Amino acid sequence: MRVSDVMTADPTCCSPETTVREAAELMADNDCGCLPVVDEDRHVVGVVTDRDITCRCVAQGKDPETPVAEVMTSQASCCGPDDDVDEVARILSDSKIRRVPVVDAGGCCVGMVAQADLARTDQQQAGDVVGEVSEGTDSPSRA
1 MRVSDVMTAD
11 PTCCSPETTV
21 REAAELMADN
31 DCGCLPVVDE
41 DRHVVGVVTD
51 RDITCRCVAQ
61 GKDPETPVAE
71 VMTSQASCCG
81 PDDDVDEVAR
91 ILSDSKIRRV
101 PVVDAGGCCV
111 GMVAQADLAR
121 TDQQQAGDVV
131 GEVSEGTDSP
141 SRA
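When we follow full-length UniProt numbering, the leftmost residue of the sequence shown carries the number 1, and every step to the right adds one.
It should be emphasised that the hints constitute simulated quantities derived from the structure, not laboratory data. Keep in mind that the hints are not guaranteed to be accurate.
Unchecked claim - So the derived label-pair ranges between C-beta atoms look like this:
| # | residue 1 | residue 2 | range |
| --- | --- | --- | --- |
| 1 | R90 | E25 | 31 to 37 Å |
| 2 | C55 | D5 | 30 to 36 Å |
| 3 | P16 | G106 | 14 to 20 Å |
| 4 | H43 | E65 | 36 to 42 Å |
| 5 | E87 | D63 | 39 to 45 Å |
| 6 | G61 | M1 | 42 to 48 Å |
| 7 | E25 | Q60 | 18 to 24 Å |
| 8 | P64 | R90 | 21 to 27 Å |
| 9 | S77 | A28 | 22 to 28 Å |
| 10 | E87 | R51 | 20 to 26 Å |
| 11 | E87 | R21 | 34 to 40 Å |
| 12 | G106 | R51 | 24 to 30 Å |
Stated by the list, open to error - In silico lysine to any residue, SDA-like type, Cα no more than 20 Å apart, as pairs:
| # | residue 1 | residue 2 |
| --- | --- | --- |
| 13 | K96 | L118 |
| 14 | K96 | S74 |
| 15 | K96 | P67 |
Since the structure is predicted, the reported quantities are computational estimates derived from the model, not experimental observations. Virtual Cβ for every residue (Gly too), placed ideally from N, Cα, C.
Using the sequences provided together with the hints, build the complete structure.
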């Protein structure tokens with residue numbers, strides 16, 4: 001299965017100049033905990049998470065008008081829409097992150113994929129296997 005099958009397409013993004021307050025409002029309005037930070041051409045330059053805002057802004061007593069550029073993670077891991085979901089799951093696990101931007105060949109943000117998206121895929125695949133096994137049973141089993 002490919003990332004494009006499970007990702008959230010066209011995610012809400014912010015710019016490095018977006019204030020932390022505005023980023024938090026975008027997260028609340030869109031029920032998400034992570035925003036890709038993009039330049040004017042929608043190239044990913046980082047990510048900002050609810051944890052970044054909490055630990056790098058609020059906990060340090062910074063002004064809510066602080067630009068996202070000061071609290072974001074600038075070396076964001078990214079994946080492509082054609083990447084295999086199992087490979088992305090490994091990257092998330094190895095990097096100890098929960099979400100990753102999806103970028104096209106030009107580096108432009110086209111989606112977001114989260115651990116929860118991958119978990120739903122695993123549940124669906126498990127259900128498909130159970131369905132296939134059940135379909136293959138013509139007569140009751142005797143134990």
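For each hint, the structure was consulted:
Look at R90 against E25: about 33 Å separates their beta carbons, and that is inside 31 to 37 Å. Checked against the hint of 30 to 36 Å, the C-beta distance between C55 and D5 comes to roughly 33 Å, which is consistent with it. For the hinted restraint 14 to 20 Å between P16 and G106, the CB-CB distance of approximately 19 Å keeps it satisfied. Distance hint check for H43 and E65: the Cβ-Cβ separation is about 25 Å, which falls outside the suggested range of 36 to 42 Å.
Judged by the Cβ atoms, the range 39 to 45 Å given for E87 and D63 holds: they are separated by roughly 40 Å. The hinted range of 42 to 48 Å is satisfied by G61 and M1, whose Cβ atoms lie roughly 45 Å apart. Checked against the hint of 18 to 24 Å, the C-beta distance between E25 and Q60 comes to roughly 20 Å, which is consistent with it. Range check, P64 to R90: about 36 Å between beta-carbon atoms, so the 21 to 27 Å window is missed.
The hint said 22 to 28 Å for the Cβ distance between S77 and A28, and at roughly 25 Å that hint holds. Judged by the Cβ atoms, the range 20 to 26 Å given for E87 and R51 holds: they are separated by roughly 25 Å. For the hinted restraint 34 to 40 Å between E87 and R21, the CB-CB distance of approximately 36 Å keeps it satisfied. The given range of 24 to 30 Å is respected by G106 and R51, whose C-beta atoms sit roughly 29 Å from each other.
Taking the CA atoms of K96 and L118, the gap is about 15 Å. The hint holds against a cut of 20 Å. A C-alpha spacing of about 16 Å is found between K96 and S74, which places the hinted pair at or below 20 Å, so the restraint holds. For the suggested pair K96 and P67, the alpha carbons sit about 25 Å apart, so the restraint of at most 20 Å is broken.
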